[in-house]
Amino acid sequence: MSVLEMRNIHKSFGSLEVLKGIDLTVEKGQVVGIIGPSGGGKSTLLRCATTLEMIDKGDIKISGQTLVTTSNSGLTQYADRKTLQQIRGRFGLVFQNFNLFPHFSVRRNITESLVVVHKKSRDEANEICDNLLRKLGMLEKADAYPCSLSGGQQQRVSIARALALNPDILFFDEPTSALDPELTSGVLKVIRELAKEHMTMVIVTHEMAFARDVADHIVFMDGGVIVEQGSEVISNPRQERTREFLAGY
Amino acid sequence: MSSLNSTLVQLAGGLRFTLGIFFLTLLFSIPLGLLVARGRMSKSRIIAGIVRVYISIMRGTPLMLQLLLVYFGPYYVFGFKLSDLDVGPFKYRFVATIIGFSLNYAAYFAEIFRGGIQSMPEGQYEAAQILGFTRMQTFFRIILPQVVKRVLPSITNEVITLVKDTSLAQVLAVTEMFTMAKNLASAQVSVIPFIVAGVFYYVMNGIIEIVMNRAEKSMNYYS
Numbered sequence: 002m003s004v005l006e007m008r009n010i011h012k013s014f015g016s017l018e019v020l021k022g023i024d025l026t027v028e029k030g031q032v033v034g035i036i037g038p039s040g041g042g043k044s045t046l047l048r049c050a051t052t053l054e055m056i057d058k059g060d061i062k063i064s065g066q067t068l069v070t071t072s073n074s075g076l077t078q079y080a081d082r083k084t085l086q087q088i089r090g091r092f093g094l095v096f097q098n099f100n101l102f103p104h105f106s107v108r109r110n111i112t113e114s115l116v117v118v119h120k121k122s123r124d125e126a127n128e129i130c131d132n133l134l135r136k137l138g139m140l141e142k143a144d145a146y147p148c149s150l151s152g153g154q155q156q157r158v159s160i161a162r163a164l165a166l167n168p169d170i171l172f173f174d175e176p177t178s179a180l181d182p183e184l185t186s187g188v189l190k191v192i193r194e195l196a197k198e199h200m201t202m203v204i205v206t207h208e209m210a211f212a213r214d215v216a217d218h219i220v221f222m223d224g225g226v227i228v229e230q231g232s233e234v235i236s237n238p239r240q241e242r243t244r245e246f247l248a249g250y
Numbered sequence: 188m189s190s191l192n193s194t195l196v197q198l199a200g201g202l203r204f205t206l207g208i209f210f211l212t213l214l215f216s217i218p219l220g221l222l223v224a225r226g227r228m229s230k231s232r233i234i235a236g237i238v239r240v241y242i243s244i245m246r247g248t249p250l251m252l253q254l255l256l257v258y259f260g261p262y263y264v265f266g267f268k269l270s271d272l273d274v275g276p277f278k279y280r281f282v283a284t285i286i287g288f289s290l291n292y293a294a295y296f297a298e299i300f301r302g303g304i305q306s307m308p309e310g311q312y313e314a315a316q317i318l319g320f321t322r323m324q325t326f327f328r329i330i331l332p333q334v335v336k337r338v339l340p341s342i343t344n345e346v347i348t349l350v351k352d353t354s355l356a357q358v359l360a361v362t363e364m365f366t367m368a369k370n371l372a373s374a375q376v377s378v379i380p381f382i383v384a385g386v387f388y389y390v391m392n393g394i395i396e397i398v399m400n401r402a403e404k405s406m407n408y409y410s
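From first to last, the protein sequence lines are chains X and R. Residue 2 is where the first sequence starts when you use our numbering, and the numbers rise one by one after that. Residue 188 is where the second sequence starts when you use our numbering, and the numbers rise one by one after that.
None of these hints come from the bench; they were simulated from the model. Watch out, some of these pointers could steer you wrong.
Where chain X lies over chain R, by a calculated footprint (3+ residues, C-beta under 8 Å) [to be verified]: (1) 302-313; (2) 327-339.
Some but not every residue of chain R turned toward chain X, in silico, with C-beta under 10 Å [unchecked claim]: (3) Q316; (4) L318; (5) G319; (6) F320; (7) Q324; (8) M406; (9) Y409; (10) S410.
Bear in mind that the values here come from a model prediction, so they are computed numbers and not experimental data. For every residue, glycine included, the Cβ atom is placed at its ideal position computed from N, Cα and C.
Construct the entire structure; sequences and hints are all you get.
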């Protein structure tokens, strides 16, 4: 079953058309890597899939639920608030700059949504939190505050926060771009582990070697369109534009 | 010496009203300020415009004049008998003082809150949205606690000013501490009552500084 279906996605900011008809399908257990030059629309595509941006035209389905659809007459309509809330519970997003809540401890960052939004008991939420932190090697930091953690640790906490809601699909928006190379490896390791467990993931990244290793489907985007996609885009690109881009790495 | 004692006792009597104005104004103006800040940032141009004018008038005209308008307005504009407007044991002159102060301070607090709210990074809202928090939950659990930390020093400023501004209630003949001091000074032909009153105000603000410093420190666990 497809976890994510995006069809003919169009998105403009003012007169600038950023997405010019994108089609992307992600199957359960698939790891999709999105690569391409800055300004090519990668992050915007991710933000559209995660409701942070509203699309102008197209269809998006997540876990079989319709997030937005454009009718034949051209009317684009989003799901009602309640359905949107349900759909948001089905996916997670890891931001480039973490966006942890600085006034909450690591534990509270992870458990707050479980308790407040998903009505789990504190004990249950704490158990989920402890299991995740143990897995990510962060258990001893449970009571620390984000400002006392390194960037790599903060990013692992934000991954734990996203995983806590047991999402069907996890989106990563350049998860290591704000980290120095030394800290990057720890975060990439965590994502590799998740891939081994067949977590469905969509990862926007500039780490080509990582994308080639971890993703079983690569999407190369430039100028608001998907130039090419497949399992061997990085090792064996067919398009001239892709070769040109990859030559820079 | 006995005159100093009686001065102290009488000023302490006036202190009741000073403290009453102080605490009641904070009680009403802070939530109202939050509401006004939200209105000022409203997407509706009409609401944002009205709130903008409100803030502009409150900050642009003397508080003393606003107090007089709140007090005499009901009589001159609507023909109410002012004694009919008493609220329980409180005379309308006191009620009008609280209304005037609250409306005025809400405008200042609103601008402070607005600055704090607008300084919050967009990412905090986005993370909260992805995690499924409603807009209300996001505001009260994620945004507001961080805003409070950011605006506390500016709030302290306003609170200290409020202590001194309570003396303006004399224009409505509320017998707060400053009115008392003035009356005593002219009765005793002495500046001692003014000095004592000054010490009272200064001590109050000293306490406020200590309390607010502690509050700031209590939020130092994160940056």
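We went through each hint and held it up to the structure:
1. 302-313: Contact hint for the region 302-313 of chain R vs chain X: holds, 4 residues under 8 Å.
2. 327-339: holds (count 5)
3. Q316: At 7 Å from the nearest chain X Cβ, Q316(R) passes the 10 Å test, so the hint holds.
4. L318: This hint holds: L318(R) lies near chain X, its Cβ roughly 4 Å from the closest one there, short of 10 Å.
5. G319: holds (4 Å)
6. F320: holds (6 Å)
7. Q324: Result: holds, 6 Å to nearest chain X Cβ.
8. M406: holds (8 Å)
9. Y409: holds (5 Å)
10. S410: holds (5 Å)
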